Amino acid sequence: MSGSREGEMTMQTLGMGQAVNQALREEMARDSRIFLAGEGIGVGIHDSPMMPTAGLLEAFGPGRVKDTPVSEAAIAGLAVGAAAGGLRPVVEVMFNPFFTLASDMIINHAAKLRYLSGGKTRFPLVVRIKSGAGFGAGCQHSHNLEAWVAHCPGLKVVMPATPADAKGLLKSAIRDDNPVIFIEDMGLYFAPDAVPEDDYTIPIGKADIKRAGTDVTVVTWSKMLGVAMQAAEQLAGEGVDVEVVDLRTLTPLDSETILASVRKTGRLVVLHEATRTGGFAGEVAAVVMEQAFTDLKAPLRRVTGPDIPVPASPPLEQFYIPDAGQVVAAIREIV
Amino acid sequence: MTVSTQQRLEMLRTMLLARRFEETLTELCQQPDKIHGMMILATGQEAVGSGACAALSPADVIVTNHRSHHHLLARGADPKALMAEIFGRRTGCNKGKSGTLHLAVPEVNALCTTTVVGGGFPIATGLGFAQQYRGETAVTACFFGDGATSEGSFHEALNLAGLWRLPVVFVCENNRYAAAQGYDEHTPIESLATRADAYGMPGEQVDGNDAPAVFEVTRRARERALAGEGPTLIECMTYRWRGHGEGDPQRYQPAEEIAAWKARCPIERLSETLRARGELSDAELDDLRASTAAVVAEAVRFAEESPWPEPREALDDVWVA
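Residue numbers (the working numbering), protein chains in the order written: chain H, 1 to 335; chain A, 1001 to 1321.
Derived by calculation from the structure, the hints in this document are not laboratory data. None of the values given here were measured: they were computed from a predicted structure. Every residue, glycine too, gets a C-beta built ideally from N, C-alpha and C. Take these hints with a grain of salt, some might be off.
What the hints assert, rightly or not - Below, a list of computed lysine-lysine pairs in the BS3-like style, where the Cα atoms sit at most 30 Å apart:
hint, chain 1, residue 1, chain 2, residue 2
1, H, K206, H, K264
2, H, K120, H, K206
3, H, K210, H, K264
4, H, K206, H, K171
5, A, K1034, H, K120
6, A, K1080, H, K120
To be verified - Going by beta-carbon spacing under 8 Å, a handful of chain H positions derived as facing chain A:
hint, residue
7, T68
8, S71
9, A73
10, G77
11, G81
12, G85
13, G86
14, N108
15, H109
16, L113
17, R114
18, G118
19, R122
Whole structure, please, built from the sequences with the hints as guidance.
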């Protein structure tokens, strides 16, 4: 791919899957303790250069790129045990709903065993989860469960919205000595964007203001960043100046950036694709109500998927996924 | 290869230590306000921990479960640190975060102890993978009960371990009960060892009250693993003398069944063997009993005199900074 200069960095255009691929490739070359495991990550049914593990089996061989049986508990347990044994596993859960099959190893073990040991052991592992609605597969392949994992102490939860963030955050995740859940929205695999060619990291736990504004704050993450940016562009024409905060990491939560933005704008909309009840928007809202209530000029709003499983048929699925129109409407209610 | 006298004596010593340790816990549970929380004991099953651990090297890793005291003591864990952890004290091996149920002792390569039944299988597979990946001369031994083989994780982990020929020794401690369910009520086949066929590994049933026999079968499984031939499933036939936990009235365990198994006590059995072979005198046995009892008494004294953790220490140890 052709490079272009942006500031000091040479840029390339990559989808998020390619950016993840580059991060994996560079980290694996740097540290021989890193191995990959998952279903079809070497020889897979999704054979596209846009996919995150494309070409890695050829580059690193079957000793380090392990195609596993269809066996999520074993994959997750492999990561927990190998991490305890001194390796740095990066394992993949093919679709977010299948995380339930891996969840005992992650929730009861990866997240708790260090604490149970009194801080004597560590579990430096990354679980990459492919997520997001919009590909017509229905609710057993599309179900955003980030709030479930964010509710579990001992796990860091990262959910990038751009290929550039994905590359830098995945490198941080791999280098972190704690278990990290790294959730990739598959829609973003096919949305190319500028990515620095350099070896860089982005710190976990740091939100990013993707668009500065003065009238209302939209806090969002992952694929919904694009929806928030569309809404912001639309409202800019009406003289409403929207600030878009991309959380990038759910836990540890960057409350400071959220609060600073809300204190500036006095208005908050939280946007996510996951369903509403018990969703992570509630946590963001609670942080703001506890610490910036008096700065709010209007009640906050949530824009989320409705409390239904993700349906398969195109019109039904589109109805499920929050769009810019809903964000614009929510903002209009409070400005 | 035969089991040496020194190895037999060491197995006897660790069994006596575990027995005294757990009998003391039973006594402490009957006193008010001594022990907080659950108490799950392996009294009568000591030959499994002592026999299997005697066959391991210090570099080997063990994964154990809620009934772990005899494994950890046989592995050489410090009885004082274990007892203090059971008492919930700051000096415990896990600073009071674990209690008796998930004792982790990395000092003796007991890296992961899990009380989620069946939770150890996939982790042992991962530990075995790390050993294979790095080409280490070491294996992982995974201890579990008969009940755990009903979990789906048993299938997933043994399948993967068999497929990748991982250096794991799966040591089933078939104590005939899964909580209140007898073996025949939870499993439709006579021997769990036969399940090994499904995963392309050998399965072997052994008298789990015969420590040298457990030693011998574990030693062979370990050598097989180190030779790159993959995992082995060992089924040790033993019996749970106590209830699932202390306070369990054991209404479902017939008294005559308990008595029959007590008559097959693994400690009596090995000490009889040693005496018959002229390798242990009555005085030496008395000395062993006295010295292991002293170790346990010292562990209790240490635990009782140790400070409680400060409440806010609860916030520590979630994260690697």
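What are the numbers of the hints the structure violates, in ascending order? none
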